[in-house]
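Colleague: Protein sequences appear in the order of chains A and B. Residues in the first sequence are numbered from 1 upward in steps of one, following this note's numbering. Residues in the second sequence are numbered from 131 upward in steps of one, following this note's numbering.
Honestly, the hints are just simulated from the structure, not real lab data. Do not rely on the hints blindly, as some may be mistaken.
What the hints assert, rightly or not - Among chain A residues calculated to face chain B with C-beta under 8 Å, some are: (1) ARG7; (2) VAL11; (3) HIS43; (4) PHE48; (5) ALA51; (6) ILE52; (7) PRO54; (8) GLN57; (9) PHE61; (10) HIS76; (11) SER86; (12) GLU92; (13) TRP93; (14) HIS94; (15) PRO96; (16) GLU128.
As the list claims (entries may be wrong) - Covered, in the sense of this in silico footprint (three residues per stretch, anywhere, with C-beta under 8 Å from a C-beta of chain A), are these stretches of chain B: (17) 133–140; (18) 179–192; (19) 212–218.
Every value quoted in this text rests on a predicted model; they were computed, and no experiment measured them. For each residue, glycine too, the CB sits at the ideal point set by N, CA and C.
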Amino acid sequence: MLPVGLRDQIVAHARESRPEECCGLIAGRGGAATRLIQCANAHPTPVFRYAIDPREQLAAFRSMDDAGEELLAIYHSHPASQPYPSPTDRAEWHYPDALAVLVSLRATEPELHAYRIADGAVTEVRLEAT
Amino acid sequence: MAVTVRLPGSLRDAVGGANKVEAKGATLEEVFGDIERRHPGFRALVLDDGGAIRTYVNVYIGDQDARASGGTKAPVSDGAEIMVIPAMAGG
Numbered sequence: 001m002l003p004v005g006l007r008d009q010i011v012a013h014a015r016e017s018r019p020e021e022c023c024g025l026i027a028g029r030g031g032a033a034t035r036l037i038q039c040a041n042a043h044p045t046p047v048f049r050y051a052i053d054p055r056e057q058l059a060a061f062r063s064m065d066d067a068g069e070e071l072l073a074i075y076h077s078h079p080a081s082q083p084y085p086s087p088t089d090r091a092e093w094h095y096p097d098a099l100a101v102l103v104s105l106r107a108t109e110p111e112l113h114a115y116r117i118a119d120g121a122v123t124e125v126r127l128e129a130t
Numbered sequence: 131m132a133v134t135v136r137l138p139g140s141l142r143d144a145v146g147g148a149n150k151v152e153a154k155g156a157t158l159e160e161v162f163g164d165i166e167r168r169h170p171g172f173r174a175l176v177l178d179d180g181g182a183i184r185t186y187v188n189v190y191i192g193d194q195d196a197r198a199s200g201g202t203k204a205p206v207s208d209g210a211e212i213m214v215i216p217a218m219a220g221g
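With the rest of the complex left out, here is chain B (with noise of 0.2 Å):
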């Protein structure tokens, strides 16, 4: 499955500051592990040490919350377009 992964904000420059990155994989973690192949490091930025998203990330496969939808193990389909949002929060 080829997927398109959008990246804005610092998340770009763990993949040489493209904003989109094409990838494959049957689920998240997979598309992850691709992206990660590529450039070593990504998948760190994304996930925690379990393995879980990121508490100040949210990912959109689509316009489903991948949380909601099997966190990691959530399937996207072929053409899915993936993003990756970090938070927009202070105070």
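Chain A with its partners taken away, still in its complex shape (with noise of 0.2 Å):
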């Protein structure tokens, strides 16, 4: 489930950080999210690619430990193609217990997507709103 703010959050971020790709986290519990951790791009050609700066990562997982949270998601943004992983994303993905959600900026509405990555196969989980 994603409540509706988070999901504005992350359009919110998508949109602020374009033409660059943003990136993120959502943090959960019992598989409901309970908020954002947003991170920086530390890529260095930011508009094709996003990487998230190890050291954020360390403090984002102990930031949940410390809640009580679980990684639910790692989301980024699409500036200019469709809501899907592309050949990168999957190749670059290792967390198979999270969802991979996907903003694409493309169209006027902003399009999001979640999909669980497996081994390189693709599945997208429908995302409930509440």
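Hints in hand, dock the two standalone chains.
Modeller: So this is what it looks like as structure tokens:
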């Protein structure tokens, strides 16, 4: 489940970051999202790629532990392409238990979709807005 | 030296699904070797053929980046928390 407020925050982050890709984490409890952890895009070519700084990851995992949360999803934006995991997204995915949330800004209305990526296979997961 | 090794992401599968394991060793290499004895295949996921930390993995001993502290030769102290974090990246 993804509260509408968090969905709006992801879209706002994507718009602020355009033309670069944005990225961050969704923390949760019991499968329900609790908050967004916005991260900086540390990749040297942020218009086409994203990378979260390892120190930000370390801080985020500790923060989630302290709050009794787990990593539910990693989100990033595709400023001008479809909201579907690219070959790079699939090849560099190391979190089979988390969802990949993608927001595309290619159209007037933002498109947000979630996927599970495991062993290179992509399965869309319906996100229920709450 | 007894340490706790935390494993978010795909590395959990290599240790039977746990998000942390207890291990022993005076260096990172010894700690990974100890885990390898109980969970064969773990070492190859975090270290390359030359024994260096794989590029997609970041290892922290407490707040210290292991790469900046000697890599696999980095010393670990009793009770240390080691976090092995796979990269979060894409396109």
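Colleague: Hint by hint, note whether the structure agrees.
Modeller: Each hint tested on the structure:
1. ARG7: Hint violated; ARG7(A) Cβ to chain B Cβ min 20 Å, cut 8 Å.
2. VAL11: violated (19 Å)
3. HIS43: holds (7 Å)
4. PHE48: holds (6 Å)
5. ALA51: holds (4 Å)
6. ILE52: Result: holds, 4 Å to nearest chain B Cβ.
7. PRO54: holds (4 Å)
8. GLN57: holds (5 Å)
9. PHE61: Status holds, d = 6 Å.
10. HIS76: holds (6 Å)
11. SER86: holds (5 Å)
12. GLU92: Holds, because the Cβ-Cβ distance from GLU92(A) to chain B comes to roughly 5 Å (cut-off 8 Å).
13. TRP93: Holds - the Cβ of TRP93(A) comes within 8 Å of chain B, reaching about 7 Å at its closest.
14. HIS94: holds (3 Å)
15. PRO96: holds (6 Å)
16. GLU128: Since chain B brings no Cβ nearer than about 24 Å to GLU128(A), farther than 8 Å, the hint is violated.
17. 133–140: Per the Cβ count (4), the hint holds.
18. 179–192: Result for this restraint: holds, n = 3.
19. 212–218: holds (count 5)
Hint compliance for this structure: hints 1, 2 and 16 are not met, and every other hint is.
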